[in-house]
Every structure is written in C-alpha cells, then in structure tokens.
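Keeping their order, the protein sequence lines are chains C and Z. Here the numbering used here is used: the first residue of the first sequence is 249, the next is one more, and so on. Here the numbering used here is used: the first residue of the second sequence is 21, the next is one more, and so on.
Read the hints as simulated data drawn from the structure, not as lab findings. We treat Cβ as the ideally placed atom computed from N, Cα and C, and that holds for glycine. A few of these clues could be false.
Derived CB-CB ranges, DEER-like [as the list claims (entries may be wrong)]:
{"hint": "1", "chain 1": "C", "residue 1": "Asn520", "chain 2": "Z", "residue 2": "Ser468", "range": "18 to 28 angstroms"}
{"hint": "2", "chain 1": "C", "residue 1": "Arg315", "chain 2": "Z", "residue 2": "Ile487", "range": "35 to 45 angstroms"}
{"hint": "3", "chain 1": "Z", "residue 1": "Gly125", "chain 2": "C", "residue 2": "Lys379", "range": "51 to 61 angstroms"}
{"hint": "4", "chain 1": "C", "residue 1": "Gly355", "chain 2": "Z", "residue 2": "Asp453", "range": "57 to 67 angstroms"}
{"hint": "5", "chain 1": "C", "residue 1": "Lys405", "chain 2": "Z", "residue 2": "Arg483", "range": "45 to 55 angstroms"}
{"hint": "6", "chain 1": "C", "residue 1": "Arg315", "chain 2": "Z", "residue 2": "Glu230", "range": "31 to 41 angstroms"}
{"hint": "7", "chain 1": "C", "residue 1": "Glu400", "chain 2": "Z", "residue 2": "Gly161", "range": "33 to 43 angstroms"}
{"hint": "8", "chain 1": "Z", "residue 1": "Asp83", "chain 2": "C", "residue 2": "Lys379", "range": "28 to 38 angstroms"}
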Amino acid sequence: MRAPFSWIKPEPHGIYIEPADCWVDPSRAVDHALVTHGHADHARGGHGRTVATPETLAIMELRYNTREGATPVEYGETIRLKGGVDATYIPAGHVLGSAQILLEHAGERVIVTGDYKRREDPTCPPFEVQKCDIFITEATFGLPVFCHPPIEEEMAKLLDRLRAHPDRCVLVGAYALGKAQRVISELRRAGHKDPIYLHGAMEKMCRLYEEHGVDLGELRLVADHGKDDMRGAIVVCPPSALNDRWSRRLPDPITAMASGWMRIRQRARQRNVELPLVISDHADWGELTRTIREVDAHENWITHGREDALLRWCQLHQRRARALALVGYEDEDD
Amino acid sequence: MEEFAALIDALVYTRSRNEKLRLIAEYLQATPDPDRGWALAALSDGLDFPAVKSSTIRNLLKDRIDPVLWTLSRDFVGDTAETASLLWPAPEEPPSPPTLSETVGLLDAMNRKTVLTELPLLMDRLDASGRYALLKLATGGMRIGVSSRLAKTAFAQAFDVSVDEVEEYWHGLKPPYPELFAWAADGEDPPDIENLPTFRPFMLAHPLEETVVDLEDYAAEWKWDGIRVQLVRAGGETRLYSRSGDDISATFPELLDVLPMNAVLDGELLVRGSTQGGEAGGAASFNALQQRLGRKTVSKKMLAEYPAFVRLYDVLLLEGEDLRPQPWTQRRERLEALASRLPASHFDISSVVEAADFEHLSRIREGSREDAIEGLMLKRKDSPYIAGRRVGYWYKWKRDPLLVDCVLMYAQRGSGKRSSFFSDYTFGCWDGDPDKGADLLPVGKAYSGFTDEELKKLDKHVRQNTINRFGPVRETEKKLVFEVAFDSVHESKRHKSGLAMRFPRIHRIRWDKPPHEADRIDALRALIAD
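Isolated chain Z (complex conformation) (with noise of 0.2 angstroms):
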C-alpha cells in the first residue's frame, strides 16, 4: 500500500503527461502481481466498493470531530477523502500498512454495516498519504489527473504492446487483469474475446471550430440530440454499452432480443416523438429520453410512454468479420443493407446530409435549431474506424449556443481543482421589469466557461459580496452579469422560474454590465424548443 500511495501523491504532482507516464509504468513494471493489477483498475476506474461511499467516510469522520467543523473543513478542502485523511487522529500505534491486494480483498468484504467498525481499522493501518489512497480507491474515481485512457497507454509502454490491442481487450477483462499482464508481460497468448459480448471503444470528433472541409472528401450526417450507445450482440448476448463503456442493458430491455445477428454497431439512442426527424420516423427530444435514463427497472408505462430506438451511425463488426479497417463509404454500404434486415420499430439509420458545397452545409446546420438537433458530424469518407479522437477524420460541428444575460445569485466551491474556490454559479433572470420591483429567478448553474484568473477574480467577488450564508452556498449581491451560453432550454420543475437549461457555461463576464439590463425569464421562455 505504501508503494502505491507513493504513487498516487507523486501523480497528483506530476503536470508533464509523459512524466506520469514512466511512473506508471513504472510502478507496473516493479510491482508483482496481483497488486499492479488491482493498481491498474484503480487508475482505469475499474473498482467498485458498493458499502464504502462516500456518506460513509462523513459518517466515520462526525463521528470523531464536531460535524461543524468536518463540513467546514469539507467544503474548503473540496474533497471528501482528502479532508479525512488530514482529519483522521492519529493512530497509538504505528502503522502497520497492508499490502494493496490485502486493501481490495478487505474492501471488498465490507458491507453496509460492518464498513462502520472494519474501515476504520484500516485507516488506523495507515499514516495520512496512505489514508488518502486509501480512500481514493474505496469510493472509486482517484480525480488524480489521470484517466482511463493514460493508465493503458502507462501499461502498453511498460510491456511495450500497443494501445490499441489493449483498449480492445480491455472490456473483456475483469480487476485484476491476470490474462493481461500474462499477455504483456510473459508473453502468454492474447486474452479471447471474440465470443463475449464486449465494448469496443468509441471513433470520437473533434470539433470543427474554424476548420472548412471539401464535401468531396467528406459526409455529413446529422448530429441527434440523444446518448451515443453501441449495441453489441455475441455469444448468444445482447448488450447495451453508453459512450463511456458503462453496460446499460438493463435500463433498456426492449433493444435486447431485436438484433438478429452478431455484430457491434454504433448508433444514438432515442425515444419516439415527433421533434427529431428522421427516415422512419421521429425522435423526441433529450427531455423525452432523460426519463429512460438512469433507472435500474423499467416499467411497462415508461417502455410505452417512452419507447427507445437506436438511430445507427456506423457498424464495427458484422457477423464475424472486423469492418473497422475499411474505408466510412464502405462501412456505410455495408449499414444501409444491414439497416433493411433490422426492425424499424427499433432501428433507423442517420441520413446522410446531402449539401451542394460547404457554404450550403452551414446554412443547412443553421436551420437546424428548431429541429433539437445538435448540429452535424462531418467524416472523412475514407476514414476507418478507430477508437478515440484522431485529428482529420470525424469533426462535430455544433449549432451555435444560445446566449442570455443572468446575474449570479448564488455561489458554492467547488471540488477537484477548483477546490476552495467559489466556482459554482446560479443564475437568474428577471421576472419582469427590474427597475418597477421585478425579482431575479434562477434558471440555471454553470460551473465551466472561465479561466483560472477569471475564477480568482469571481472567487474574490463572491467572497466580498456575500450577502447570506446557507450552509455551503453564499448568496451574493446582486450585480455581477454573467453573460450564459447553452444549447436548449426546456420547461422543467427543477427551477422556480420553471426553465432549465441544457449545457450551460458562462461565455463572458459582465463586469461592466449593470445588473438591471440582464435579460427577463420571457426572453429565455422564447427560446424554448419544444
């Protein structure tokens, strides 16, 4: 364990890419298994400790100090493990630290109940870097700057085998990896996925910002406003992966026994409605389907209330054969004769957008607002299919956000790297005239959009212009217009005002804007989409 909390503090300090890197590698390379694999699925987010979370280290932790002054110290520190570990009294006697697989193998045997006596115990094993590990790898998700992605390219470079190959096992394979290393390391023979129903990593886009393509060389489909999923079918088995690899099958019954052969295809999920237009039909908007999202059982009311389809972009594996080497025109040949032998009630193919020149493509995308799209992909014809984001094959071309004035109301700090900064912003609108008494109503947070100076200057705002405390948010004085961009606004209940926004961001900061000229909640209602 100490090795491994060594790691994990030099890689909270590490900036240089390549620098984490070799300690990763490292690490992989000097420490035996199976501790290197269970260190490797901490890093990749591939452990889960279902009894410890995060409420449960509060728990431990009001426990042993005033509950005043473990949120105060929470809130300022902006990070539940961190402000344990610095909290945690420190043990009679001396540590005693377990190994990294004794840790896994305890954690995991914890339950709801016994959590409460048997972390402790384990803290008490360990001084305060151990504790953060410690911590970091029972509530999942180290937010060590270090994602999924660096951790396998540390380990391909440790055993000098390709990324690739790795990414494409990798979701076959359980923590803590045994026939992966036995692969890299000792030369085994690569792990068999071919008959599971595995995740395939997802080809990405780049946004297109002031790039211009040649139709020529390039389609352009558009870009729906639903969740990016991949329909697997192996072995006999239908799986449902999200954009990230998580398996979301369960939450949508209905697409597991409508695929008639085994293949691997990428698509948008989306429920049926009338918004989002399409060739068999159309598609509600992200609204409609937020309703499917989430949920562990689904009921009959929500399968017809809400009806998911999957509109396809692109197919990776058909019937044994790996299409992702071939040219996009190809695979595409290929989806359109797929398409026909698939159910409509659960299938459509994302049309291809026919424009004459680029200058007609942008006029297209521009008329594309009302329709709930998000914009166009544009993909190069001769692209093959790779997993991650390779510049020059697949651009996402976004519609132009929305913009509004609000004025800041509330502030709280923020976690992660804008821990003990005032980095999460509610905004409002005016209900009416502000100069005849009208009052600001919130109709959105945004937490993104600035730039660490910015983020000191409204840190600095906030802290001098509160005017009311409720437990962790401030609320400030009235005068600071942020100027908000976002995608769509919907009706919702969540807000008083009754609007909420999809992906708001601050745009610009209004210094100089007096608060009374920001805009009233009927200019946002105008925007609404559906």
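Extracted from the complex, chain C is given alone in its bound form (with noise of 0.2 angstroms):
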C-alpha cells in the first residue's frame, strides 16, 4: 500500500502533487499551476495553466500579462484535478484574492494556506479556519516579538502626525498589492475623507481593487499636483519609492512606512523611516499560533520565514511539525 501522504510533496521549487502532476505557488514557470495570490514570490507568469481565484487572475494579468491557461475558481468551489485530486479554495484574509487551497486525496486532507492573516481586511474576506490531515502554514512573522497592535491605533498615529504638521506631507510606504489599498481603506474607515495622492506605479492596482468593489475613496495622482496641493496630504508609493529622488517632488515629507517590520526600532532606522506603522498582511505570532491550534492538524509543516521559532512552538505544544525548505519566497516589503 502507498505510504500516507506520499503524493504530496515538498520540493525546493513549490509543493508538488504528484498525482495531478501540478504544483501550488511553484517558482519558476510549469506546466500546471495552483496559486494561492497575486505576489511575485507566490505567482509568478509562463505558466501553461494557473488555476486561482478571478481576483488573484486579473491581478496575475495586470502584474504579468498572463492569461492563457487562466482557470478561474471561486471561494468555496472545488475543481477536481488530474489523478484523483480535489481542490478548494478558501478565503486566507491575505490580500484581494487571497486563498487557501485545500487538496483532497484518497480520503487525505492537507491545506496550503499561503499567506494569511487574521484580523479583520475590508479589502478581502476573512481566513476561515477549516480542519485537515497536514496544515502548510507560513511563518514570515514566526517569532513571539512579533504582535501586530490594533490597526486603529497606527491609523490614529498617522492622522495625529499629519495634523501636527500642516505644512509637510506624511509620505507612506506600503506594499503595491495590498497593503497600499488595506492602508487606504483604513484611513477611509477612520473617517479621512481628503484626497489620497498616489505614486503612479500604485495606480493601476487600486483600479483593479475599485473595479473588484473596494471604496478607496477620492485618489489623485502625485504626477498631476503640484507640492502646494500635497500639503497635509497623505502620500502613498511602494517602500522603494520612499528614499528614492521620486521623493523630492512632495512638500517636505515625513516618511513612514506600513509593514509589520516596523515592530523592530532597528528596521525601521534601516529603512529611513521617521513613522513606523506596524501593519501587517501576514499573521503575527499570536495568530500564527492561535491558527495552528484550531485547525488542530494531525501534522504542520511551515514555509518561508521564522520556521525555527514556530517549530519550537510546536514542539513545546506536542504538536507535530517540519520545516520546509522552499526557494525563491523571500520577506517581501511587507
């Protein structure tokens, strides 16, 4: 008899599944792909069919230009794949888009989560928590001095600093996919109603979540203003925009930067930033951990990032788990 779990398998390149001769969020270009979402180290072009959710579609086109192969699944639907194997995609409160793929096999269940977060997004739906056989978690915040505080209070220290300085502008720093528009969204939910100004390579991506129902409310262009229009404006460009000359157009900024990074002082000086907002897309210690409890697996096994403190965790909980050797996911900007 086959050896429980045999056909799922972690390479350096992605997960493979054997049976289906399919991998999910492979790195580099195959013949069949499953891709959790729309960031480059999980979704990347060439491949010769990507199935994933419409959302994490249209963002996989308008990043890469791919749309041949596309197979579209929405929340909650199940595709039935080659070899016998079922998959499902749930909603993992990552970005728009964002699932968890849930492969069923001879009566095995594993999940692959991606990335994901807990706390509450008006940009996608809610993780939901689903039982299984092995749970392939991320850990990119894997470490107990992680915890992301609540978002209203970072939204509380950008507005405070913007009104204090009337005359400057806060320039804010975050992730293109995403957390820009999570940030925009939040301002919006904290009652900012003044225009938000964007760097140009932000625009597109808060189309496409516009365009996918997201209220990011009144958006301009930095291109289209002068520095007098930008004064007590908020500023919205990708992290490597923030030291970069781009910067010089606007009315003396404060630059701050949105990624759950911010927590460490140190990252923060790293990166120039003077308002560190520590929000995340990814889940913090707490919700790393919390999340491996509830889905109360049978075995965990972790991806990218801080995978020796969560394996430490797990060890001192009794919980099975491994760690798995994936290339080409890096710590994004987030």
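Two independent chains are provided; combine them into the complex using the hints.
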C-alpha cells in the first residue's frame, strides 16, 4: 500500500502534487500551477495553466500579462484535478483574491495557506478555519516579538502626525498589492475623507481593487499635482520609492512605512523611516500559534519565514511539525 | 520616565542632525533638575550600573519565556534591550512609571543579587517603550544614533553656550552635572577644573585621501601603531586617558609618578621593543602592547616584560599655561624643550619626518611598512590645538592596506543598524592547493566595508547558501570570494590558521571569482611584519 501523504511532495521550487502533476505556488514556470495569491513570490508568469481565484487571475494579468491558461475558481468552489485530487479555494484574508488551497486525495486532507492573516481587512474576506490532516503554514512573522497592534492605533498615529504638520505631507510606503489599498480603506474607515495622493506605480492596482468593489475614496496622482496641493495630505508609494529621488517633488515629506517589520526599531531605522506603522497582511506570532491550535492538524509543515521559532513552539506544545526548505520565497516589503 | 522614553523613541526615528539637536535641546529646557542631568548623562554614555548586564536581562527573560524562543528572537532583533522590552509579559496592573531620577536611584542601589527581583518590578511599571528606555539606560550605550558630542552640542544649543566650553568642563564633572546646568541655564560661575587632572578633548585628524599638501605649510610625523593617550598631571595627581577619555591609569602604573610638572601631554602609548624605531630606542608592535591593554591589575612580570612609555606628540597645558591657542610650531618648540626634562625611560618624542617635497614624503611613507608604522600624520604648522576634527589642520595618511582574497565560511547576524542581516563574516584562505583537496582555514572576521545594497545581497547569499547552523552562526557553501583589506597580519592562537589580521574589512566582493582562486595561507603568512 502507498504510504500516507506520499502524493504531496515539498520540493525546493514549490509543493508538488504528484497524481495531478501539478504545483502549488511554484517559483518557476510549470505546466500546471495552483496559485494562492498575486504576490510575486507566489505567483509568476509562464505557467501552462494557472488555477486561482478570479481576483488573483486579474492581478496576475495586470502584473505579469498572463492570460492564457487562466482557470478561475471561486471561494468555496472545488475543482477536480488529474489523478483524483480535489482542490478547494478558501479565503486566506491576506490580500484581494488570496486563498488557502485545500487538497483532498484518497481521504487525506492537506491545506496550503499561502500567506494569511486573522485580522479584519476591508479589502478581502476573512481567513476561514478548516480542519485538515496536514496544515502547510507560512511563518513570515514567526517570532514571539511580533505582535501587530490594532490597526486603529496605527491609523490614529498617522492622522495625528498629519494634523501636527499641516505644511508637510506624510509619505506612506506600502506594498503596492494589498497593503496600500488596505491602508487607504482603513484611513477612510477612520473618517479621513481628503484626497489621497498616489505614486504612479500604485494607480492600476488601486483601480483593480475598485473594480472589485473596494471603495478607496478620492485618489489623485502625485504626477498631476504641485507641491502645494499636497501639503497636509497623505501620499502613498511603494516602499522602494520612499528614499528615492521621486520623493523630492513632495512638500517636506514625513517618511512613514506600513509594515509588520516596523515593530523592530532597527528595521525602521534601516529604512530611514520616521513614522513606523506596524501594519501587516501576515499573521503575527499570536495569530500563527492560534491558527495552528484551531486547525488542529495531525501535522504542521512550515514554509518561508522564521520557521525555527514556530517549530520550537509546536514542539513545546506537542504538535507535530517540520520545516520545508522552499526557495524563492522572500521577505517581501510587508 | 515617559518623557525620557518618548525622547529616546523620537531620536531613534529621526534622521536629521538638526532635528535631533532640537529634540534633545527642547527636552533639556523643559525637564527639571536632576532628571535632565541624568538624561544628558545617558545620552553621552556617562552612566554605568554594574549590577545590570546584558546577561542579567537574558537570564530574567529566560525565566519568563522558553530559552530557545528567546535566543531566536534576540538573534533576529539584534538588540537585547529591545528584544526584552518586546517580549516582557504585560503587567496585570496599569503601569505607574517612576521618574528618571527615581529610576537611576533604584538602578544604582541594585547589586548582582537584588537586580533579579528589583529590575522586574521596575519593568512592570513601564510600557514597551519605557522598558526599552529603561534597559538601554541600565546597560549603558544607548546606540540610538546620538553621539556624546551631539548630546553636548544639544546642551550648548539649549542654553546658548559654547560647546567647546562644555567639552572643557565636561570631564571634570559627574552626572547629573548640577554645576554645568547652574552655569549654562542659571548664569552662575563656570565649574572650576583648573586643579583637577581632567581629560581635555583630543585634536583629531581627517584622512588625507586625494588631498596634496605643501610641506612649506605642513609638518610630517610618523603615525605610530600604539594607542593615543593623554597624560595629565594637576593637583598633585597624574592620570592617563585613552582616546575616548577613559581613565586607564590603573593599567599603566609605571607612568603615574614620572611626570615632574603640571602638564597635559598628547602622545602614543607604546611598549619597548625593536620594531618601531624612535630616537630613544624602539617600540614593540601593537601585538605586544595588546598584552598590557584592558587589565585592571598589572603583575611585576608584565611590567618587566612589556614596559610602557609615551612617545610625545603635543603639549596642551604646561605649568598653568594653556598652549592650545598657540601654533603647532611653537607648541613643538615647547614640547622639545620639555622632553629633555622628562625621564628617557618613560618618554621620548615623536620625531618630525623630513622630506624635500610631497612626492619625496610619499616615497618615505611607502617604505614605512616594515617599521610597523601606521602611516604619516600631516599637521599644519600654524594649527592651534582644537578639540575634535577640523578640516584642513591635521591629516592622517595611512599607508595603503594589504589585500588578500579570502573565501566566505561563516556568517552571523549583526546588531544595531545591521540587526537581523547576516553582516558579520568569517573568511578563510586555503591551506594548500584547493584542487588537490586542501581545506579552508579561517583567518579573520569582518563586518564593514560594504554598502547597504551589498549587505542585502550578502544577507541573501548567506540565507540561500547555508549548509549548517551552529546556534546563531551559519556555515555557508564555500563559494564567495572577498577581497579583504587589512593593516597588518600577526601570529595568533585565536584562529586555527595561526594568523590574525589587524583591521580587516571587506574591500571588494568578488562575485565573479571562483573560490579555488582565492589566496593560500602561505601568501598571507608572507605578509607578517614582525
């Protein structure tokens, strides 16, 4: 008889589903890929066939010009792959379109989370806990020092600073896919109605979010405006533009960055950030450990991030776990 | 304490020097005595609480959190105080923060034993920011991008006094500096330091780099390979200070009763030997001097084996007269006259290097290597003695570094600005022909010489090429070549190779070079100077 779970194989370049000859989030082009979400370290172009949520496919088309072989799956929908493998896409709460993928074969259930968080996010449906035998979890913030504060506190910090400097602007570095739109949505929720200015690289993704029903309020492009228009305003740009020449066109910007890494002072200093905003689309330590408890899988496989500490936690709490050495996943600018 | 913690946080996230000055100055103006004095001491590294060590914090945390999780967290964050402030369990009671003075009093009263019960009580009275400030304060060295000089400049700015004057009084005073605040903030008489053997700030040099100077205007001296010291006699007492102003008198007792007059002298501390020439006999290499450094007590044997002396560079004060405003040529004359009155057993004078022109001097400098000399100093003949580093007066002209190609072997995460990046590298040379199965032996460690961009690439390289983990140390695939620059190389038992480099730094990263083309141990050994 076949050994249990031998149909699913963690390889350096992704998770391989043998009977279906198919990969989850492969880091190189393959014939058949299941993609959890649109971030570059999980989704890349060149696959023969790409199975993902319609939102993720739209994001991939925008970012990598992939259209051929796109196979949409709605949340909660199950598709049958070759070799008797079923794949179901479940909300992961990470960014628009992000999904966990539940794989079922021969009565065995495996969940690949991709990236996820447990906090509320106005731009995507919340993470759903589903039972499984093997839970393959991320661990980007898998250290007990990571505890993301309530986002309302961070928004208040940002708006306070904005009000204290009516002649300047606050320039918020935020990952162009997900973080930026979440920050804008949360600002709107906090009652900030003023126009928000965007770096050109953000525009298309914001429009895509709006097309998918996420209300971002009035957005303007920095390129269309002079310094004086932006005094007292919030400007959002990709993290790479924070210390770039580009920011010289802004009125004496206060440099902020929205990222889970901002919890660590030196990380903020390394990026020359004056106003660190601890906002992440990944689960923090508390969320990771809570999720492992709630999913209560027979075994936990831990992918990219601080896997050592999460492994240790599993060991201390008598939970079976192993670390997967996947290549190509990076600490994105979350 | 909240105000102090807020100041620390604001300073951590502020880039601009002017903004930092403004933040500190505003705090000093708004805060009452003695809190502001303690804050000034903390920012200028003037506080020391011997009972609280990094290991104390580590032990406290390991009682409260799994030791492995602590170590992994500390390793990633790169800073013990910050890690502890983040991991400390939230107290059940709402915090009731102490004042800064109360905190200092409590820390000061702790000993090795009581600290284990007292420090947690203090931690429980603070929030995460407060705990960070507390632990930074308690362990000394805030490392928040504020130098001692910047703190003093902010003080001067807050009360509109001259920073040079602050520097002058500084080393005669103790935290929380009541006399300093009385003088600067309340207009009272300046502190009297005339009869105290206090440290006077050193005059420092800029690297010469591409500058060419006219020897009509500049005098050249050797830059000796020892440590820069200041020997001060006043009020019947002699003290020896290191470059940073630390009192190292106890380490060199033989120099404390050989200065017959009140004076402040600037010179190089060396031990007797034969490699570094001088007028009154030679000195040993830096390696020999190292045997004497950092000791709290000195044995007779040490004194006999490694006798120390001062090679004089300059005279600042002499028998009540302040010579610092005078031009270098005049101070030099006074120094030469003075040197003849000092015992030759413990003093000689750093000779002036004569050269026809700059080109000639350049050749002399190139020939200086076998003398274990660091290079040359160029001093403008009309330069007064001014605290700190002023452009155009003094230059240091180090000889060119030695270079060798090494292979990256191990990496460790850095701290401070480099926290959480793999930024400390151990590298090795081949102990034979690598194509015939020779091994790499570690020859040194470096954590500087690369840009932030390069650091990111190196960090990625380490993470993707890890073949072994030993606690915080990663062993990497032996495939990346560093061109390593260093000042000299010596025999050493510290490394298996039997060699140790002085001031090694990454000169270039040779992504292109195959590792088997890196240098062999023999090539490095051939560069030993002593």
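Verification of the supplied hints:
1. Take Asn520/C and Ser468/Z: their Cβ atoms lie about 20 angstroms apart, and the range 18 to 28 angstroms holds.
2. For Arg315/C and Ile487/Z, the hinted distance range of 35 to 45 angstroms is satisfied, since their beta carbons lie about 41 angstroms from each other.
3. The hint said 51 to 61 angstroms for the Cβ distance between Gly125/Z and Lys379/C, and at roughly 57 angstroms that hint holds.
4. Gly355/C and Asp453/Z have their C-beta atoms about 59 angstroms apart, which keeps the hinted 57 to 67 angstroms range intact.
5. A C-beta distance of roughly 32 angstroms is found between Lys405/C and Arg483/Z, which places it outside the suggested range of 45 to 55 angstroms.
6. A hinted range of 31 to 41 angstroms is violated for the C-beta pair Arg315/C and Glu230/Z, which are about 56 angstroms apart.
7. In this structure, Glu400/C and Gly161/Z meet the distance hint of 33 to 43 angstroms, their C-beta atoms being roughly 36 angstroms apart.
8. Roughly 37 angstroms separates the CB atoms of Asp83/Z and Lys379/C, a value that falls within the hinted 28 to 38 angstroms.
Figure legend: structure checked against the earlier numbered hints; hints not met, in rising order: 5 and 6.
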